[in-house]
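Just so you know, the sequences run in chain order A and B.
Note that our numbering has the first sequence beginning at 62, numbered continuously upward.
Note that our numbering has the second sequence beginning at 62, numbered continuously upward.
A few of these clues could be false.
[Unchecked claim] Only part of the chain A face toward chain B is listed, based on derived beta-carbon distances under 10 Å:
| no. | residue |
| --- | --- |
| 1 | GLN67 |
| 2 | LYS87 |
| 3 | PRO208 |
| 4 | TYR256 |
| 5 | VAL532 |
| 6 | PRO533 |
Rather than coming from a laboratory, the hints here were simulated on the basis of the structure.
For every residue, glycine included, the Cβ atom is placed at its ideal position computed from N, Cα and C.
Number of protein chains: 2
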Amino acid sequence: MRGLMQDRPLALPHVFHRAEQLFGHKPIVTATVTGEVATTVAEWAVRVRRLATALDTLGVPADGRVATFCWNTAPHLELYMAAPCTGRVLHTLNIRLFPEQLVYIANHAEDDVVFVDRSLLPVFLPLRSQMRTVRHVVVIDDGADHPLPDDAIDYDELLASSDPFEGRFEVDDENQAAAMCYSSGTTGNPKGVVYSHRSTLLHSLITLTVDGLGLSERDVVMPVVPMFHANAWGLPYAALLAGSSTVFPGPNMTPKGVLSLLERHRVTVTAGVPTIWLGALPLLGGYDLSGLTRILCGGSAVPRSLSEAYRTTLGVPILHAWGMTETSPVATVASPRTQDDALDDDARADARVRQGQPTPLVELRVVEPSSGEVLPWDDKSSGEIQAAGPWVAAAYYRDESGAGPSGSSQFTEDGWLRTGDVATVDRYGSVRIVDRTKDLVKSGGEWISSVELENALMAHPKVVEAAVIGVPHERWVERPLACVVVEPGESLTPEEVRAHLEPLVPRWWLPDAVEFIDEVPKTSVGKFSKRTLRDKFAGYELPEVDPAGRA
Amino acid sequence: MRGLMQDRPLALPHVFHRAEQLFGHKPIVTATVTGEVATTVAEWAVRVRRLATALDTLGVPADGRVATFCWNTAPHLELYMAAPCTGRVLHTLNIRLFPEQLVYIANHAEDDVVFVDRSLLPVFLPLRSQMRTVRHVVVIDDGADHPLPDDAIDYDELLASSDPFEGRFEVDDENQAAAMCYSSGTTGNPKGVVYSHRSTLLHSLITLTVDGLGLSERDVVMPVVPMFHANAWGLPYAALLAGSSTVFPGPNMTPKGVLSLLERHRVTVTAGVPTIWLGALPLLGGYDLSGLTRILCGGSAVPRSLSEAYRTTLGVPILHAWGMTETSPVATVASPRTQDDALDDDARADARVRQGQPTPLVELRVVEPSSGEVLPWDDKSSGEIQAAGPWVAAAYYRDESGAGPSGSSQFTEDGWLRTGDVATVDRYGSVRIVDRTKDLVKSGGEWISSVELENALMAHPKVVEAAVIGVPHERWVERPLACVVVEPGESLTPEEVRAHLEPLVPRWWLPDAVEFIDEVPKTSVGKFSKRTLRDKFAGYELPEVDPAGRA
Numbered sequence: 062m063r064g065l066m067q068d069r070p071l072a073l074p075h076v077f078h079r080a081e082q083l084f085g086h087k088p089i090v091t092a093t094v095t096g097e098v099a100t101t102v103a104e105w106a107v108r109v110r111r112l113a114t115a116l117d118t119l120g121v122p123a124d125g126r127v128a129t130f131c132w133n134t135a136p137h138l139e140l141y142m143a144a145p146c147t148g149r150v151l152h153t154l155n156i157r158l159f160p161e162q163l164v165y166i167a168n169h170a171e172d173d174v175v176f177v178d179r180s181l182l183p184v185f186l187p188l189r190s191q192m193r194t195v196r197h198v199v200v201i202d203d204g205a206d207h208p209l210p211d212d213a214i215d216y217d218e219l220l221a222s223s224d225p226f227e228g229r230f231e232v233d234d235e236n237q238a239a240a241m242c243y244s245s246g247t248t249g250n251p252k253g254v255v256y257s258h259r260s261t262l263l264h265s266l267i268t269l270t271v272d273g274l275g276l277s278e279r280d281v282v283m284p285v286v287p288m289f290h291a292n293a294w295g296l297p298y299a300a301l302l303a304g305s306s307t308v309f310p311g312p313n314m315t316p317k318g319v320l321s322l323l324e325r326h327r328v329t330v331t332a333g334v335p336t337i338w339l340g341a342l343p344l345l346g347g348y349d350l351s352g353l354t355r356i357l358c359g360g361s362a363v364p365r366s367l368s369e370a371y372r373t374t375l376g377v378p379i380l381h382a383w384g385m386t387e388t389s390p391v392a393t394v395a396s397p398r399t400q401d402d403a404l405d406d407d408a409r410a411d412a413r414v415r416q417g418q419p420t421p422l423v424e425l426r427v428v429e430p431s432s433g434e435v436l437p438w439d440d441k442s443s444g445e446i447q448a449a450g451p452w453v454a455a456a457y458y459r460d461e462s463g464a465g466p467s468g469s470s471q472f473t474e475d476g477w478l479r480t481g482d483v484a485t486v487d488r489y490g491s492v493r494i495v496d497r498t499k500d501l502v503k504s505g506g507e508w509i510s511s512v513e514l515e516n517a518l519m520a521h522p523k524v525v526e527a528a529v530i531g532v533p534h535e536r537w538v539e540r541p542l543a544c545v546v547v548e549p550g551e552s553l554t555p556e557e558v559r560a561h562l563e564p565l566v567p568r569w570w571l572p573d574a575v576e577f578i579d580e581v582p583k584t585s586v587g588k589f590s591k592r593t594l595r596d597k598f599a600g601y602e603l604p605e606v607d608p609a610g611r612a
Numbered sequence: 062m063r064g065l066m067q068d069r070p071l072a073l074p075h076v077f078h079r080a081e082q083l084f085g086h087k088p089i090v091t092a093t094v095t096g097e098v099a100t101t102v103a104e105w106a107v108r109v110r111r112l113a114t115a116l117d118t119l120g121v122p123a124d125g126r127v128a129t130f131c132w133n134t135a136p137h138l139e140l141y142m143a144a145p146c147t148g149r150v151l152h153t154l155n156i157r158l159f160p161e162q163l164v165y166i167a168n169h170a171e172d173d174v175v176f177v178d179r180s181l182l183p184v185f186l187p188l189r190s191q192m193r194t195v196r197h198v199v200v201i202d203d204g205a206d207h208p209l210p211d212d213a214i215d216y217d218e219l220l221a222s223s224d225p226f227e228g229r230f231e232v233d234d235e236n237q238a239a240a241m242c243y244s245s246g247t248t249g250n251p252k253g254v255v256y257s258h259r260s261t262l263l264h265s266l267i268t269l270t271v272d273g274l275g276l277s278e279r280d281v282v283m284p285v286v287p288m289f290h291a292n293a294w295g296l297p298y299a300a301l302l303a304g305s306s307t308v309f310p311g312p313n314m315t316p317k318g319v320l321s322l323l324e325r326h327r328v329t330v331t332a333g334v335p336t337i338w339l340g341a342l343p344l345l346g347g348y349d350l351s352g353l354t355r356i357l358c359g360g361s362a363v364p365r366s367l368s369e370a371y372r373t374t375l376g377v378p379i380l381h382a383w384g385m386t387e388t389s390p391v392a393t394v395a396s397p398r399t400q401d402d403a404l405d406d407d408a409r410a411d412a413r414v415r416q417g418q419p420t421p422l423v424e425l426r427v428v429e430p431s432s433g434e435v436l437p438w439d440d441k442s443s444g445e446i447q448a449a450g451p452w453v454a455a456a457y458y459r460d461e462s463g464a465g466p467s468g469s470s471q472f473t474e475d476g477w478l479r480t481g482d483v484a485t486v487d488r489y490g491s492v493r494i495v496d497r498t499k500d501l502v503k504s505g506g507e508w509i510s511s512v513e514l515e516n517a518l519m520a521h522p523k524v525v526e527a528a529v530i531g532v533p534h535e536r537w538v539e540r541p542l543a544c545v546v547v548e549p550g551e552s553l554t555p556e557e558v559r560a561h562l563e564p565l566v567p568r569w570w571l572p573d574a575v576e577f578i579d580e581v582p583k584t585s586v587g588k589f590s591k592r593t594l595r596d597k598f599a600g601y602e603l604p605e606v607d608p609a610g611r612a
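Hey, can you work out the whole structure from these sequences and the hints?
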């Protein structure tokens, strides 16, 4: 027996028409190179309608990829809506990727047109000739004065010459592609995640729930997380759906620039990776941030000291969320739960830096990496987190890796996503990430968490940063090598490092060797590049260590 | 181009498994005839699993209708989950309907089994022999001592003798029916609304949003609105999805009983029709209700005086929501919006008793009842509210009325629901209901709002209640007749009534006649029964009124 409810697609045109109809009076502010531009949802909506016509004029095919190479701005939000509402696919290019990755991605996605912020032309233009399918480059004026290429189309002129599309946007099939974003976290070439209208709308709804990100009409939302990173965690769409006011920081992503905007516009909700909040910490005293109610943080683990520093300085703890490009991205949120109310201050601080409980519609399981056994939620058994849900990827776009039923080893036979994150989960479903699967060190039959070792190393006052990699070992399969960066002007010996670790980790985790390096190499998105370290130390000869010392 | 997201149905098994996995420790309290029963989600989940097996044992067909004749209780919540999670259809019978309506509904839905609270046996048993498809009656012990019929099955014994279903419930088609509820608001026989898994889950998500009903894990939720009224506004499913604690008031729905439960369990969110809160008002001073953060109210318009009385007494204004069985039911919520912040106290009190803005995914339009013209949102133009959205009915179950493309005149040709409510909408999309379409009085070419006339009449200190109906008139088509109930021991003349109205309404709205009656007849759900009044005054002869008096 079928339900007798209306057959209405979960699609982005609803978000557009709702915002236009109910929230036309709400402000949208964008910081530019030279100042600020203030507009309203009503004015923005007219520009979206003009842009829809312009995409036709440019001859972008019915499901053509509309690429963006942009900061967080109101024009970027116009593209966020006009591309999917006209049936096309928004493709946000990550401006921080390496040039060869950007070229690969644009060609793999077959981008038809690229919209570029003028301040980013120096990064983009050298790549353009290698992007084989790109027919047009449209330049968005953001106050920068870089010279324009001869054939560039001016964004504002394009809109001015286009009549607003009239009537309602229609996307009948909610499973149609709305947007795509390439994930660079895995080995090999970046892989394309393709969001559907349905997944995007459901994810937006979840960010409006109290235990999700809690966006409401009363909020002033400023996404610092880039709109080229998994749709800025869904905040731009969610803010339109909720009717929140929005502030877009544009190209000025310095701590000072971000804090000034938070203060001036009395932002209530902001979001960014830990690096941003770490950089802003020393400056907090100089700004009135009393409007803030939530500081969302994700992308990598939030150090407890950072979370506590914000809580004591601002009275607003960092709200930790976890996910990845493949999970749209929000999969868990560490919103405060009643089970933590009885904990002491110390344990509550620990709870705040967990990754939190899965949102509605997301399911998680912890799987032993070797055997595939599903592990209990006892907060002790650690294994890979696998995820399922309507906004979790089922496959990659034109995936050529050939492994697994969905074409990639990142999906299980029963269709779950292998996240590559290693975690324990407590009885309430709260996740605590301890490592990346590929960064675990397999010693004998047991796993050593490189991340826990690194945290222990970085707790030493003379250590700036540290990374641990596994090095092949005849008897133990792998043993840990610690790569340590020492404070300038200070010095450490391998023996001092081991002595520091001894009370902090199991004896058999102690690194067999310590190498001192100038800097831990980073990926294009600022994460530790263990791959580079492994290349650097390929063929490394570990010293003999007395096996008794591991007992 | 299709999205590459996982194909996961929006279905109630997700709600069950999520609650079982994450929220097993959360309490569920039920008030019974003799006391209270406390359980946990974990214990409840085992009983749901036993009930799933029991439905098989009873031979309930794959999509059989599982009817309930129950108060708000934990066992009712077991049925709420076990029936749809096993692919069957929950059918909540409204215990307050007239006997002939109940019999009609049970036969029309072809109920296979009925679960009845023991305290309701005296109401149910006389009807049973006329319910032609009902094969089993299962009696749920709620502390009442009414004698059991010979062939009754005891609910607890049934569960005790059934092994818990193991593994995961699966509902692959999200458009499958999950539950049904008959709407008695329209003319003719009650009509069956059939909720799908998709509509129910989406509606539940919306109730978790900040600007929806805002349910979270931290809440203690007590639905006073019956679980046989449009799924208690979706709160039982929403509370399970959010992980809220729940309190079910059982058969004791007196103001004193309700207030005691609110106090004892420090309820944070409660919900009921205005009658409940009106009845509780004089007793508020005797209870500590400082845990309350939201009092949801819907079903009929909230008098401004009631809203203000709660705001000043408790510091918690009533949160007004609007909808109907056909809209699952939440369609609008009057959550406080920024556009009201600048209003003075008086205007804000007015804003609080509006019906509010549509939730995400719901669309509304105002349509002139005669011409079908879509009217502007200027808060002046009044017309019928029509609704669209994924949890808005598209048709009635086995609808035999034969009108319109969906079989009923309650749906438009383009598939929208005619709500029958007459409203204005302001530029922010906030709805203000002014009447029911069928209760409008059509005088000349103009509409007179019976509800506004009634409110004006009831503002007279000697008037207990008043209803206005249209009476046929040769020249004006219809003219209003006021039916007034005067305070016991007081008296009023028609002239005094008209004199009272004169400064309050346009002259041409003044009733042509006033009749004094003992009581306004009510429907089975406590609303004014204008139909009964129209029958009573059929053929009524209006006096001659000087047309000049209408100018």
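Tested hints:
no., hint, in the structure
1, GLN67, "holds (4 Å)"
2, LYS87, "holds (8 Å)"
3, PRO208, "violated (35 Å)"
4, TYR256, "holds (6 Å)"
5, VAL532, "violated (37 Å)"
6, PRO533, "violated (36 Å)"
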